[in-house]
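Residue numbers (our numbering), protein chains in the order written: chain A, 11 to 342; chain C, 121 to 505; chain W, 52 to 310.
Please note that the accuracy of each hint is not assured.
In the BS3-like style, the derived pairs of lysine-lysine whose C-alpha atoms are separated by at most 25 angstroms in a straight line are [what the hints assert, rightly or not]:
#1 W/Lys247 / W/Lys279
#2 W/Lys247 / W/Lys218
#3 W/Lys218 / A/Lys239
#4 W/Lys247 / A/Lys239
#5 A/Lys239 / W/Lys166
With beta-carbon atoms standing in for the labels, derived distance ranges [as the list claims (entries may be wrong)]:
#6 W/Glu298 / A/Arg334: 34 to 44 angstroms
#7 W/Ser75 / A/Pro128: 54 to 64 angstroms
#8 A/Ile106 / W/Ile234: 51 to 61 angstroms
#9 A/Ile106 / C/Gly384: 54 to 64 angstroms
These are computed hints drawn from the structure, not numbers from a lab. Remember, it's a predicted structure, so these values are computed and weren't measured experimentally. For glycine and all other residues, C-beta sits at the position ideal for the given N, C-alpha and C.
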Amino acid sequence: MTQSTSSPEAPAENDYGTHPGAAANRVFRWLSTGAGALILITLAAVATFLLAEAWPALAMSSEELGETVSFIKPEDGQSLMEIIGYLIFGTLVISIIALLIATPVAIGIALFISHYAPRRLAQGLGYMIDLLAAVPSVVYGLWGVAVLVPFLTPFYQFLADYLGFIPLFAPPESGEIFTGRVAMSAGIVLAIMILPIITAVSREVFLQTPTLHEEAALAMGATRWEMIKMAVFPFGRSGMIGATMLGLGRALGETMAVLMIISPGLTFSAAILQPNQHNTIAAYIALQFPEANAMGVNSLIAMGLALFVITLLVNMLARWVVSRRKDFSGAN
Amino acid sequence: MKIAIRSGAVISAAALTFALAACSPSNEATTESEAPEATATAAAEGSETAEATAELSGNLQGAGASSQESGMDAWRAGFQNMYPDVTVGYDPVGSGGGIEQFLSGAVPFAGSDGLLEAGEYEQAVERCDGDGGAYHLPMYISPVAIIFNLEGVGTLNLDAETVANIFDGNITTWNDEAIASQNEGVELPDTTITVVYRSDSSGTSENFTDYLEQASDGTWPYEATKEFSTAADQSIGADGTSAVVDTVTSTNGAIGYADASRAGSLGTVAIKVGEEYVPFSPEAAANIVAASPLSEEANGENDLAFAIDRTTTDSSAYPLTLVSYHIVCSQYDDETERALVTEFEKYVASAEGQAAAADAAGIAPLTDELSAQITEILDGIAAAA
Amino acid sequence: MSKRIDINNLNVYYGEFLAVEDVSLSIEPKSITAFIGPSGCGKSTFLRTLNRMHEVIPGARVEGEVLIDGVNLYGDNVDPVTVRRHVGMVFQRPNPFPTMSIAENVLAGYRLNNKRVSKSQADDLVEESLRGANLWNEVKDRLDRPGSSLSGGQQQRLCIARAIAIKPDVLLMDEPCSALDPISTLAIEDLMAELKDQYTIVIVTHNMQQAARVSDRTAFFNIAGTGKPGKLIEMNETPVMFSTPSEKATEDYISGRFG
Ligand SMILES: Nc1ncnc2c1ncn2[C@@H]1O[C@H](COP(=O)(O)OP(=O)(O)O)[C@@H](O)[C@H]1O
Ligand SMILES: [Mg+2]
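Just chain A, with the same shape it has in the complex:
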């Protein structure tokens, strides 16, 4: 006390000045701010890298690029931009197939685990789902090619025979499904791959539905399914969208399984039972990268940039969907 009065420049000490946790609190604040900034920096660094590396290919004239890079053929309607167009289309087709299959099944499984299954069974199922998530994609690819594709081919033939008039299920010209290495198979394998993540996240969300709301529904005389529609789904809506987007993210970027299964092609065809029609950006990059020359690598990075942008757009779309009915969200 005497000290503080003797040196007037130093801030006056009083009983309310500081407390033992202050330093730790400050350190933690800097740490967490730093971590947050790191994310932004990383994202910016990735975007900058992609743009800088893609630039030589993007800046070059189409003809010149065609002469330098073996897989770019502007004269055959496969300039860099056209290829990127086909690949975005193929990536979306395959990912959407995967999502359309995986989402309902995953939500069904998640609901079963969270609201229907006896506790023991729910636990076992949960473990199994987590296990599926840990299987590397190469294994899915191998399994897809060796087991699933041959198994599915007769089923595709059936689809083509009876629903072939729909462009989606149109068979190859001969009318015969001679191979199962098609977009549909890739989509199905991807669906199985993204099933665990969608299931796990949805299950978590469903389990967090406030008992209060569940009981409100039940007490009005709702059946369990009605209760789920009334309380669980609305509450878990943004969680389910988040889960689906996580799955979509994985589907968009998945390389090995698609690579091993699909017989690739570059078209805007809707025919998901025909080979040589679709390919994904990631798989295309993997197919071309090893033999690509320097400018070829630049071109492939331009495709990677496209994938990066799509992923960003998909995420923004998801956020927009979630926020559109923010007032009504279960979060308050």
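Put chains C and W with the ligands on the given structure of chain A with help from the hints.
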């Protein structure tokens, strides 16, 4: 940049020498002071060329074509056996990646299924010490087999036009007249033909399409390219040799192409050369290389960049052959590096090295003349200017 | 619409744990019955057996009978879902569905029974129910706002409107005012007085003034100690219970010497 990488390589080589000496398995001495001497003795005993062995040590790293991977494994083992103080590494990143690493100075040699392009030749002049640029050495000669899965049929005779028509979808059934007329006595079913091709970018596709383009008299409408394309309705693209072989094996009526060593029990095509049908064989494959002229873009007569003559009428040659090269500099200022590269490549080109790769990967061993020519070129690779 | 309830020898379990033991009592139609007692004595547990909400909790079960106009809720051929459509419930904490608008909240239960509701029918029902819950004037201009935008007291009345929209025979309320301020509490007490003309109401409360103010009959529950089952100590006309209870424990509790 270049300098930094060089000196880094030297330092790591030196460090490796020491490390290898210290932990060589043949080292019987246990105390550190005795270790170097003991190693030298043990190594000298292990080889006839005692002089060279004593000098050669360090780390040799290459990168490039994955097609050479199993051959490279054999060469690495054989060479390290001769020179226990040397470690050889090969990163099978693909021809493109290998060339890129070579041109950037990251590796002293590259493996490549294709030839350097004009711009890459220029970069090589800059990359290599002196002004001599880079050389191609055709170390890995391997016939490509046209494989098919047709019950009861083991071999078929086909000329290049027919092969081109099949692979482009103009011939769609196995009992087509064009096939039948060249294979009298063979029972051909009316099975639909399924064309199986490499969906990835590959040297095998490039050699195969080059053969089709050159030999089919214009029937094959596309240029030679690493990316196979076809108008065939019934076609399947598969990623890599194994997937092609698997797909052909599992698809009745399928036809495809793959490194001959992988043909296994599948049916194979004898292609028409001159007036005869020639099945693939190591000798015939080696002969086509020996009989071909150098590429017009080749960097002088020491650059053995062959323009394979697919149109040959010499029936002792099999023109559907893949030549994979080792690309080396014409001059290495660093003596250690020069010695490592030239000694390794001499071993690869030797009868012994070629036989090892023939065992391991089914390559066609170089003819004696070509082997001798390569050795001579390697001897000419200079150290400092 | 209102019905009488007779409970005979009811034991209520959570798994192996006996939470409420051997309760028998009767509840008159068109009356308000209050359950009072110290925390943890099983009031809520017991209340929830009256619309079979108890069994929603895993492992929970019941022995004995609950008769509504003579029909045993726990008999064969009784679907708990149907039971709950006849016996409505209001919870301690207001729980409107946050994702639904005020109007949708009111209609939520009604829609379960009537898949197709015309616009005018729906409007009428919303108004009728909200008026019934004394909420109409406060919310009539913002029926399409989320239910969670209301104050706590308004939310609780919305829950009551939601419960009476399905025109139940019985209305169960578990401490409906414990999360509310005094003014909202009064509003709800007034509402209960109005509702008893039409409904049989059972209310759990730990507020003795409230029990004294609103109820016709009062039941006192107690427990001997933690881990012991809750029991019905006595039940009588409310004025009698609060002036001359026959049990010592009741008197202690009411006079504040206990709990
Ligand atoms: N979900 C539950 N699972 C197990 N025991 C419970 C559960 N809910 C309440 N109990 C127990 O049942 C007894 C009665 O609780 P409750 O009915 O909530 O009492 P009150 O409403 O009178 O305060 C307490 O001992 C409590 O611990
Ligand atoms: Mg309670």
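Numbered hints the structure breaks, given as an ascending list
Numbers 1, 4, 6, 7, 9, in rising order.
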